[in-house]
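Sequences and hints are given; from them, build the entire structure.
In the numbering used here, the protein residues as written are 1 to 414.
Since the hints were derived computationally from the structure, they do not count as laboratory data.
Hints are supplied without guarantee of correctness; some may be wrong.
[As the list claims (entries may be wrong)] No more than 27 Å apart at the CA atoms, straight line, and that leaves these computed lysine-lysine pairs for DSS-like:
1) 300 to 338
2) 338 to 174
3) 383 to 300
[Stated by the list, open to error] The following label-pair restraints were derived from C-beta to C-beta distances:
4) 339 to 311: 24 to 34 Å
5) 386 to 172: 26 to 36 Å
6) 386 to 229: 32 to 42 Å
For glycine and all other residues, C-beta sits at the position ideal for the given N, C-alpha and C.
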Amino acid sequence: AALVMSGTMRRAAFSGSNIAGGNRNAVPSPTLPRTQPICAHQHRVQHVVTSAIAAEARPAPPEAVARAAAAAVGFDGEAGGQMASGRTMPLAAVVGQDLIKQALLLGAVDTGLGGIAIAGRRGTAKSVMARGLHALLPPIEVVEGSFCNADPDDPRAWEAGLAEKLAGQELVVKLRTAPFVQIPLGVTEDRLVGTVDIEASMKDGRTVFQPGLLAEAHRGILYVDEINLLDDGIANLLLSILSDGVNVVEREGISISHPCRPLLIATYNPEEGALREHLLDRVAITLSADVPNVLGERVKAMEIAMRFQDNAAALNKETSELSDALRTSVILAREYLKEVVVAPAQVAYLVEEARRGGVMGHRAELFAVKVAKACAALDAREKLNTEDLKLAVQLTILPRSVLSDNQPPPEDQP
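And the structure:
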């Protein structure tokens, strides 16, 4: 079984009826030593299963298993810390919504994908899936003293002033869960991007910067519920900063910048107001959680929801094997992503599909390339294939299409 499966196998991997049982080992202590990144050339795992047949898979490298186990440590007491497992329904337990779950996994592999927007009416598991994905993210190493989760392996991406602050000191690194930050509807611009800490500034006699929500969310998940009800100015500012990848704050005598590259997950209910087209165009993937009324799936979803309410720990235990396999696949896919290459003919195919669909601008094909690369990495490959290109077109180009040629699309992709 491969990291990402198509057709019936992919559906089986997420079906609520395929929850695998089994005992789970004790969770390790939150105090973990720093580990070296997995080397893609040293640890090639051709197949890591993401379905209920995980027991038949080839064992993952010890480093990958250690990181996957570390991701289950739980809440670490910091802002944006991982929610306790008992409070979050596992993504593997969600019935149906296979395409949305597939897109979320691709976003976990490449947080710079461009964001995922999920439309749907009330009670369609939009926020459940967003929080379920967070439980699958591996922990991150951050520089002690950084206010935006600076990566110790990438000093060029540190916030302004951190390198000077740590000059001549030994670099202290700590391991924490990936942040999950939710943007409230009434958020102000100061709370979002950061501002001057008046109290601290008066106490210290100098201007002190108070980081905003965007700094807390860096290298994690930034969740916006009901983004269609968010203030237009705030929404524009948010998407502009995420597109640039850098938040620059210049106000009240301060000028500071810091990286801001979280995975954006936005949800909204179209019945409460449509999301403007120019905002949707800046989000890589837009999908609908409104699915046909299938009796069998509704019954399964109700049974899972009732079991989670009655005994969340038992449901988490039953899905732990599948959740661990998904978590490990994300860890390995992030290493494969660095090696994935796209052929010029494949880029030309994506551009041609966008042209045939009457898509204005170039965001669609740029997003499509990222989606295709993440799909290949999740399947433990360094080259794109036909399925990667088809999925990229389905997720990023078709939702933006306004025209269609009379002839069907070509069967053979580069």
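Verification of the hints:
1. 300 to 338: Distance ~39 Å between residue 300 and residue 338 Cα, so the pair is violated.
2. 338 to 174: 24 Å, holds
3. 383 to 300: Judged against 27 Å, a Cα distance of about 37 Å means the pair is violated.
4. 339 to 311: 24 to 34 Å: 43 Å, violated
5. 386 to 172: 26 to 36 Å: Distance hint for residue 386, residue 172 is violated at roughly 47 Å.
6. 386 to 229: 32 to 42 Å: 40 Å, holds
The structure shown violates the earlier hints numbered 1, 3, 4 and 5.
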